[in-house]
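Engineer: Letter by letter, the chains look like this.
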Amino acid sequence: MKRTLRSPAVWLFLALALVPLAAKLGAEGYLLSLATRALIFAIAALSLDLILGYGALASFGHAAFLGIGSYAVGILAAHGTGEIVLQLAVAMVAAILFAAATSAVSLRTSGVYYIMSTLAFGQMLYFLGVSLSAYGGDDGMSLAGRSRVLGTAFLESDGALYYVVLGVLVAFYAGARRIMGSRFGRVLSGIRENPVRMRAIGFEPFRYQLVACVIAGCMCAVAGVLLANQTGFVSPAYMTWQRSGELMVMVILGGIGTLWGAILGALAFLVLEEVLSGLTEHWKLILGPLLVMVALSGRGGIAGVVARVQRLFHGRGVR
Amino acid sequence: MSAALLSIEDLHKSYGSLRVTDGVSLAVRAGELHALIGPNGAGKTTLIHQLSGVLPSDSGRVVFDGIDVTAFSLPERVRIGLARSFQITSILPAYSVLENVALAVQARSGSSFRFWLPVADERALNEEAEQRLAEVGLLRRMQDRAGALSHGEKRLLEIAIAIATAPKLLLLDEPLAGLGQEESRATIALLKQLKSRFTIVLVEHDMDAVFALADRVSVLVNGRVLASGTAADIRSHPAVRVAYLGDEEVV
Amino acid sequence: MSTALLLVQVLNGLQLGVLLFLIAAGLTLVFGVMDFINLAHGVQYMIGAYLAAMFVAWTGSFWLGLALTLPTALAFGLLLEVLIFRRLYGRDHLDQVLATFGLIIFLNQAVKVLWGAAPLSVPMPELLSGSVRLMDGLLYPVYRLALITVGLCSALGLSLLISKTRVGMLVRAGASNAPMVSALGVDIGRLFMIVFGFGAMLAGFAGAIVAPILSVEPGMGDNLLILTFVVIVIGGIGSIRGAFIAALLVGLIDTLGRAFGPQLLRLMMEPAAANQTGRSLAPMLIYILMAAVLFFRPSGLFPVRQ
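Chains as they are written, first to last, in numbering that gives the first Met the number 0: chain A, 0 to 318; chain B, 0 to 250; chain C, 0 to 305.
Excised from the complex, chain A in its bound form (with noise of 0.2 Å):
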């Protein structure tokens, strides 16, 4: 129990599962959505951190999933499937699938020509959905409502919506926790560490790869769901590569290889935007620099800092 409470990442969702509350006190739906906005980016950061932090395989295309699970949703509404249910098994589905036939191309490549290739991939889909005509090409479709779940219409409400995405996201990192602790994580690791050493011991860093980048594009994937959901829109612009890099920043901002890194990465990326986009129109000039200086200090980002803190106020803790 101690080291529960002990984990930055539990006071985080504490935090966070009070926001409503103070959204009710305060500012007007706004605030609710954009922490709802938010915390799906989280969830979106989280899974590639499983690849990019833990596997150092940086994608170059994750956003094609936020575009994978939000199509999933626009396409099946548009036919009359609004049962939520059905849309995430679809999303999954054709996450998993995806995932597996590009990451099977792009695995046989490394470093920059990996990077590159998921980028590649990236496009690809970016691509297809703004020739996709019948869902709205480039300008992409409006949602009549949020999904529908089990029959109800119980997502129409923001705060339900919120507790939702909140929900999914604990769930999630408390998965991925559970993952890198088991076999398949010390594995996964061990080939990011050293993967010579891994095959000398009878491992075949392939597979495994391939596993995380299902796993992990299978996650952004439900989040692209609850995206269309939030937004109540379904556009190719969630899977540029520009997004793709958007979501690496905020992974490596938050602290790569931590997991709850990634969800401080994204949240502190979305509320400066906001913050800062409130300040002066010319926000951008301020955010830049920023992220230059937190790439320069090599302070491994938000969440090294933290640890680093964390270690002062607890003497010399374990690492």
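Rather than coming from a laboratory, the hints here were simulated on the basis of the structure.
Keep in mind the model is a prediction, meaning the values are calculated, not measured.
From the three backbone atoms N, C-alpha and C, an ideal C-beta is built for every residue, glycine too.
Take these hints with a grain of salt, some might be off.
[What the hints assert, rightly or not] Going by beta-carbon spacing under 8 Å, a handful of chain A positions derived as facing chain C: (1) 116; (2) 255; (3) 288; (4) 294.
[As the list claims (entries may be wrong)] Cβ pair distances, simulated, as ranges: (5) A:309 to C:81: 51 to 61 Å; (6) C:263 to B:146: 56 to 66 Å; (7) B:22 to C:5: 19 to 29 Å; (8) C:156 to B:62: 51 to 61 Å; (9) B:167 to A:82: 49 to 59 Å; (10) A:156 to C:114: 39 to 49 Å.
[Unchecked claim] Just so you have them, the derived chain A footprint on chain B, three or more residues with Cβ under 8 Å: (11) 81 to 92; (12) 113 to 119.
With chain A held as given, fit chains B and C onto it using these hints.
Structural biologist: Using the frame of chain A, we list chains B and C on its own:
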């Protein structure tokens, strides 16, 4: 005559016009410690890479335990019992010493596609890892980060990881590299113990170690086997003395 | 499909190709020699275009403007190198991605502040304006022909520079093994600066010469950046020759694919389906090409490093 556990048949490897491995043929008998010596640049490490599957060969065959493994990848060879250690230490520095060895045990104990149960709690893995560590004398360091070990301890860890894969044959690439007097003696003693359990191919420059441990010795010069026989034979072999003159200390 | 139409598109493809090469050359060298992922290379191209717009407007002369742009673009590139990039050499690629991503965000906004968000136009130089008759029924702009010529000459010049000069040899050596070059006593910091500055200048040059025929606007470098990365990956990182071949390949395939894709498909399927498929596939073609190249050659066509 003891059956050949590892049979190397006319192995070749060239980089452009440079012939690094130039028709090497060798037989390693089951149960023996076979030393591979030769001057720098003779192609010893390249040969080890070819035998372990790190480098593909241009031509020739490698037959291990009756199986033609020439086309096998490194993991495939390890899984059938052909393991190696590295000349330049290759461990997982961020993992603990115990975890490093436990991973090697994990690789051959069932599927690693398990996502739920914490692997750190798997008693069977940890116990076996601890045994291996005890054998090399690293048990007291088992909780420490592998990256924090001294050079000598890391060399021992290399050996522990290799034997944790439960091999039939160990390819040891200069296990004494960079070790001081004390550590060398301790490692030689360890290798003496391991001799009885595994077939070993030992690449080494340290002649004390070679002549203290080896049942048979093969001398590699310019990618070819110059001579092969018992330690005594090699010591007095005229061509071997010539090859080493000016290059290494001849015992 | 007439010969004239085909020729026009081939020339357009070549023009895109040489443009991509000018930008890719610097990027592939920076990556090859310094192992540095520079996402901000695209803004280097954009800055060149903006500088050209500014100087041409100041001086009233395209040539004077161009002459002023080159050293300024070089200076700007060196400024970025000294202030930011040299602290990132040897660091994790992801930190480089983060920093250069931040730089893109900052510079795209900065040009908006300095020059406004509306696209600028740069008047074409008198000497090169107008069209020339290449064959019956085919008029092609002189300027675009000039671009192709300049691009090809630059490629030749660069390849001579790389293969025949001492600096070029050091760059080639650095691209295949930088630590070794440093160990041999070469001032690796100075070499990096030269490579970086030159690459930045080439990208700026590309932006400047293309300014009269494209609209100069914030973010113009972003999509070209991605195309450039595709080029250097297909060509093999660190290889000028690879960048050249890949750039022409990408330029031609992208242009011809978009122009004639639907038509070709109409030979195989119904018009409606062909149009739809053509529209989907055309922009994807170069990515499919890259994925295919990487499948057979995971390090590109002419990799420099082992």
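Engineer: Find the hints from earlier in the document that the structure breaks and name them by number, from lowest to highest.
Structural biologist: 5 and 7
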